[in-house]
Amino acid sequence: MTPRRPVDVGDPDRLYTVTGGRSRADDDSFDLVTLVVSECEPTAGMQSEHVRILETCKHPTAVVEVAAEMKLPITVVRILLGDLLAMGRITARHPRAAGSAAAIPDSALLKEVLHGLRNI
Amino acid sequence: MGSATSELPSRMPLSDTAETGLKIVVVGGFGVGKTTLVRSVSEIRPLNTEEVMTQAGIGVDETSDVAAKTTTTVAFDFGRISLNERVVLYLFGAPGQERFWFLWDRLFSGTLGAVVLVDTRRMDDSWYAIDRLEHHKTPFVVAVNRFDDASPHSLDEIRQALALPDHVPLIDCDARVRSSGKDVLITLVDHLYALAMAQEMTP
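Protein sequence lines correspond, in order, to chains A and B. Okay, so the first sequence: first residue is 1 according to the working numbering, each after it adds one. Okay, so the second sequence: first residue is 1001 according to the working numbering, each after it adds one.
Bound conformation, chain B alone (with noise of 0.2 Å):
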């Protein structure tokens, strides 16, 4: 198994017969290993990119038509995994911050589900994610990042802190470690076929 210290590619072309991209978003705060568990699991070292959020639709929620004209530029990594000669996956690394959450609705529609990293030291910066998920009706799993993590707290305890309904998968990993990564997106897709095996037996 590769670590993630291992040198990758930063740029490494595509086989020519690929069609479909797919996107998984990671979700967390500051700092929780978003980079960490993308790069653990990409076959290219995770790049940077930016997107320059002009007014349109920006908190038009809370504000009137009095909100004046403004730009806001986010960043945010992503990797990739080829699955196969047709499918491609992209892992993107997205800030969980409340002041954030245009970048996921705009930019992340048509994702295949999400996966929130946590920091059992910062269990707050989970929740606006959590909440945010929810109310869009992504599917997720919680994965929690047990690097340096001496704390004793049981996933059942971090279910409940969290207030995490049983049906989401929680799980422990370490997200330098591409077997574990790679854990985290497989109980992720396979929660997603779950749930639409389950839609598909439904008349």
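Isolated chain A, as found in the complex (with noise of 0.2 Å):
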């Protein structure tokens, strides 16, 4: 493994290319944990990040495993992951709870989750 180097290194130019320029996704549509799985293989001519974010995600994968994995912000990984969305070349899971700040999820949920949590 190489040291982690900050993704944030004065070089902002560089990350503008990799979304063509565009810097907010244009909807929340990724969650922190929104599992991410590749539809297809890459193909020729695929950008470079779009071929790394499809081998990432083999198996289901969450968008700051992703971000970590490629060591690109989070901002930058929901537009590329919306481009593929698009496209048809990943599918999402999102999670069932996203959105409401508040609310509390159902009982089942988390006794499944202390189950989960008690066999650890």
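Possibly wrong hints are sitting among the right ones.
[Claimed, not checked] If you want a taste of the chain B side facing chain A, the calculated C-beta under 7 Å gives, among others: (1) Gly1021; (2) Thr1035; (3) Glu1051; (4) Ala1196.
No lab work stands behind these hints: they were computed from the structure. All residues carry an ideal CB built from backbone N, CA and C; glycine is no exception.
Using the hints, put the two standalone chains together into the complex.
Right, dumping it as structure tokens:
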């Protein structure tokens, strides 16, 4: 493993190139823990970041994990994922409780979480 | 029981049947042991990622539209626990300082709940986090990291010092120890479960 370098190296130009000049995702469709799954193999001529996402997401991978793996800010990853989703090259499994900040999830899900935690 | 010092894989694919990601946030001051706690219960070595916050919404409460467009980079750690073949829990270690409030507001919406990790030598660091969580009505528990803690303060004294309401669970922990970290998470989810049951009983 090479030591992790900070993403913010004072070179925002590179990030703009990666996203084709966009700095914000169109919407908040990708939560931090939305699980992303590749639906195809990378093809020739594909943008290198797209290739890396497709390779990373052969198994379900959360948006934060994609960002950490690619050493890119989450904002940038969201934009890239939005492109791939629009092209049908990935699918997204969204969290159940997304959106509402203060809503408590149903007791059945929490029971499942408790059971899982007791078994770790 | 594994200890926090055992080697964890940095990359371990989830099961293909994984479909639901859940979030729990661990907040606390600098050096209180957030990453240690995350590491002690995580199935992967904690990863680090960054969010670049651009202007939108930062400080809108207290500033007018003169506020210039600013960019802030915030780094945070996270770990992962596969709870079963479908549900995966992500744990985020977030800085508790005041200047990071927008990180919580934006990044952690939809979180199950929070753990406030407290160091008795620097309890001041916890007030802001607790205030913010109460404001957002995010359920939370407070865990006192007793590692290297020679202080004689009892939990009752700490509850008083933090002005913590009785309904908020307060426990001791050693963030380095897996079983202890696990107990902290179970305490939080037990608390959430009680809240959910109370809510479901109310017509």
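We went through each hint and held it up to the structure:
no., hint, result
1, Gly1021, "3 Å, holds"
2, Thr1035, "13 Å, violated"
3, Glu1051, "5 Å, holds"
4, Ala1196, "4 Å, holds"
Checked against the numbered hints listed earlier, the structure breaks hint 2 alone; every other hint is satisfied.
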